[in-house]
Amino acid sequence: MTSPGLHLSGAPFLRKENKGLAEPRGPRALCESAERSSKQNRQVCLSVPYWEQWREEAHAVKRFSILNLDKLLVEFERNATARGAVVLWAKDAEEANRHVLDIVERHRVKTVVKSKSMVTEEMELNHVLAAVGVRALETDLGEYLVQLAGQRPTHIVTPALHLSAEDVGRLFAEKLQEPYTSEHEKLTDIARRHLREEYLRADMGISGANCALADTGSICIVENEGNAGLSISAPPVHVAVMGIEKVIPSIRYLPLFLNLLARSGTGQKLTTYTHIVHGATPGRTFYIIILDNGRSDILRDPASRSSLYCIRCGACLNTCPVYRRTGGWAYGWVYPGPIGAIITPHLVGMKDAGKLPFASSLCGACGEVCPVKIDIPHQLVHLRHKAVNCPSPVRSPLERLIWTAWSWAMEGPLRYRLAMSTVRLGVRLAKFLPWHPAQLGAWTRGRELPEVPAYTFRAWWRRRGQEFAGDNGKSGIATSSPKKEEVSA
Amino acid sequence: MIHLKNGLPDGKYPTYSRGEKAALFIPCYIDQFFPQIAEAVAAILKKLGIPVVFPEGQTCCGQPAFNSGYWEEAARVVRHFCDVFRPYQYIVCPSGSCTAMCRVFFEQVDPDDRIVSVGRRVFELSEFLVNIVGVADLGARFPHKVTMHSGCHGRRELGILDQPLTLLQNVKDLVYCELPNIEECCGFGGTFSVKMPGTSIAMGETKAANILQSGADVVTSLDISCLMHVGGILRRNPQMRHIRPMHIAEILVQR
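So the sequences go chain by chain: A and B.
Offset between the first sequence (1-based) and our numbering: plus 8.
Offset between the second sequence (1-based) and our numbering: plus 99.
Mixed in with the good hints, there may be bad ones.
Stated by the list, open to error - A short, non-exhaustive set of chain A residues, derived as facing chain B with CB atoms under 10 Å:
#, residue
1, K47
2, G141
3, D309
4, R313
5, Y317
6, P329
7, R333
8, S369
9, H390
10, L448
11, R472
What the hints assert, rightly or not - In the DSSO-like style, the derived pairs of lysine-lysine whose C-alpha atoms are separated by at most 30 Å in a straight line are:
#, chain 1, residue 1, chain 2, residue 2
12, B, K111, B, K146
13, B, K104, A, K47
14, A, K439, A, K79
15, A, K381, A, K99
16, A, K79, A, K47
17, B, K104, B, K120
18, A, K47, B, K120
19, A, K381, A, K359
20, A, K118, A, K99
21, B, K244, A, K277
22, B, K146, B, K244
23, B, K111, A, K381
24, B, K104, A, K381
25, A, K47, A, K183
26, A, K47, A, K359
Honestly, the hints are just simulated from the structure, not real lab data.
No residue lacks a Cβ here, since even glycine has one placed at the ideal position from N, Cα and C.
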């Protein structure tokens, strides 16, 4: 029931039989929407005069929170429990799923409404519930579309970014037997009509959490469609699933994160709805599942640690030139784009995801837009270093040998000249080759090779260098020296 | 653009005193494929009365191996680089990307102070001229329509953007054409260009289209590596073939 290339091993970037990184081309709709969102959101962010201070502050709060996770999580549990919530801990997705299944059994749950949650995607929760005969319906419009189409999200904030209005019209016609339309309002009406009654029928609502507040024991959920509000309040049972990194010390810091998240994620000053769930409402049951699922592996690696600061705004996806062109599925797991490329290798292991950090030109756009200042580009290189030194699909004795030879050649000027003459000769001869092997072919597929000049700079310097040495320190603005020469471009 | 950091620990550039030497660090691809750029750099410095040396032991900054994850191999090259350049106070390099490797990333390869301190004395040409020597007008004349591609490493790691624009503004008869989406990567990315050629070329084609849209007939940059990639695409396309890629030093030396 999944789309092609969605499981980690089969994902375009990760496919084993692929020597390099296979390069799918995402739909045009995705590229254009991501670019548009990126520009609009950026403008909204930069119109805040103290945007940089906010980023610094948020970084500091997150840093503190992650370094004090052990204490804050326990404080959160204590305060949430005092407000009537039942807090459950899960080491991995399997344990979290077991908790959910226990709850399902205890409350005799038959149908579930879900509001958007990436962490439940990590758990493959919908499939787990389906396996025991429980129907879980996604209520976020984007998630609903993706679920209806039997696909997976292509973006962490806007899951159906790859679908055009026409695609949605066709989908509704096929799956819901609605007359075809591509008008946005009519499409929204159809979705609303189909979803409304589900909230009232459902036995349980499942949500994620954008923030967990240690001092009040509450969780915060932001949204724009009202679906989360209904999902968590209409059914008699509410289960919130959150990663361990979501906790912040105090509700005092919440406004800071709401401001950053809405602007970076959707270009809004604030999301339409902000729910702060202070414990259980009388007559209802409220569970909070706190999930690790590989996050403590990130915690153990100081150079990667700040990736736990992520508030899942999606700004790094929208701005990433690689993500825009390949789309989200290429990354093979729940989190695509630059943030996915740095957390997936930790969360699922280098063995499966070791190629992901290489899916980047290291342009650094992600680091520039990140609202909590995660140094994504530097972490990409750090993980490349890790990946080639541990069991992973990119560890290659041959490549190691090539780089060893390269470093030997670069350790002395004579070797350098020898190596470089070979390269120059190769580029010269390439013109006459009927086809270009490997890396050379990869270059000339869409680009001309540079012309090889008759001489090198160092050869030139040996002849002319003396003219530039200056006259023993008494050089002023030396326009007196012969003016002639230089570059004829 | 906000909060551009220059990769120096206190954010402060040193002040150049007359007579101090500048050591040229010429990246390998410039040495081998674009010697005219290095000649232009030497000529610019000479015109300002700055004594220029070219330590002949130099090879590479180690970036290709570093970015590929082979830090141990990169470290050997970095150490060689530092042995060669240790005697010099000002190391001038006509590339934002290689400068970023030296100034920002040497520390990750080898945090030894004898390595890091050398890396921090490497300056990209335009920042050396504007921020350290303190010149903005080099007396150049170049009667062409010019746009500038701003390399990602130079801008995002070293905070270089205004310096080259200032230098270009002061070139006589030069008409500057704004480049749409100047902040976007050209898609070169070193080994990325051959590891993900499809995406790299797609990004380059977008950049080339923006360059064409700018109306310029010359595209310049601090990094000839980006221009080697984009230029390779421009040359493939009959509508774009007239646009000439030139390193900024080649423009600044024109009379």
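Evaluation of the provided hints:
1. K47: holds, 9 Å
2. G141: violated, 43 Å
3. D309: violated, 14 Å
4. R313: Since chain B brings no Cβ nearer than about 15 Å to R313 of chain A, farther than 10 Å, the hint is violated.
5. Y317: violated, 18 Å
6. P329: holds, 5 Å
7. R333: Holds, about 5 Å.
8. S369: holds, 3 Å
9. H390: Result: holds, 8 Å to nearest chain B Cβ.
10. L448: holds, 8 Å
11. R472: holds, 8 Å
12. B:K111 to B:K146: holds, 26 Å
13. B:K104 to A:K47: Holds: K104 of chain B and K47 of chain A sit about 22 Å apart, inside 30 Å.
14. A:K439 to A:K79: Roughly 65 Å between the alpha carbons, so the hint for K439 of chain A and K79 of chain A is violated.
15. A:K381 to A:K99: holds, 28 Å
16. A:K79 to A:K47: violated, 39 Å
17. B:K104 to B:K120: At roughly 26 Å apart (the allowed maximum being 30 Å), K120 of chain B and K104 of chain B satisfy the hint.
18. A:K47 to B:K120: Measuring from Cα to Cα gives roughly 44 Å; hence the hint is violated.
19. A:K381 to A:K359: holds, 28 Å
20. A:K118 to A:K99: Between K118 of chain A and K99 of chain A the Cα gap is close to 26 Å, so the pair holds against 30 Å.
21. B:K244 to A:K277: violated, 41 Å
22. B:K146 to B:K244: holds, 25 Å
23. B:K111 to A:K381: It holds: about 22 Å lies between the C-alpha atoms, which stays within 30 Å.
24. B:K104 to A:K381: Cα-Cα ~14 Å, so holds.
25. A:K47 to A:K183: violated, 34 Å
26. A:K47 to A:K359: violated, 36 Å
The structure fails to meet hints 2, 3, 4, 5, 14, 16, 18, 21, 25 and 26 from the earlier list, while all remaining hints are met.
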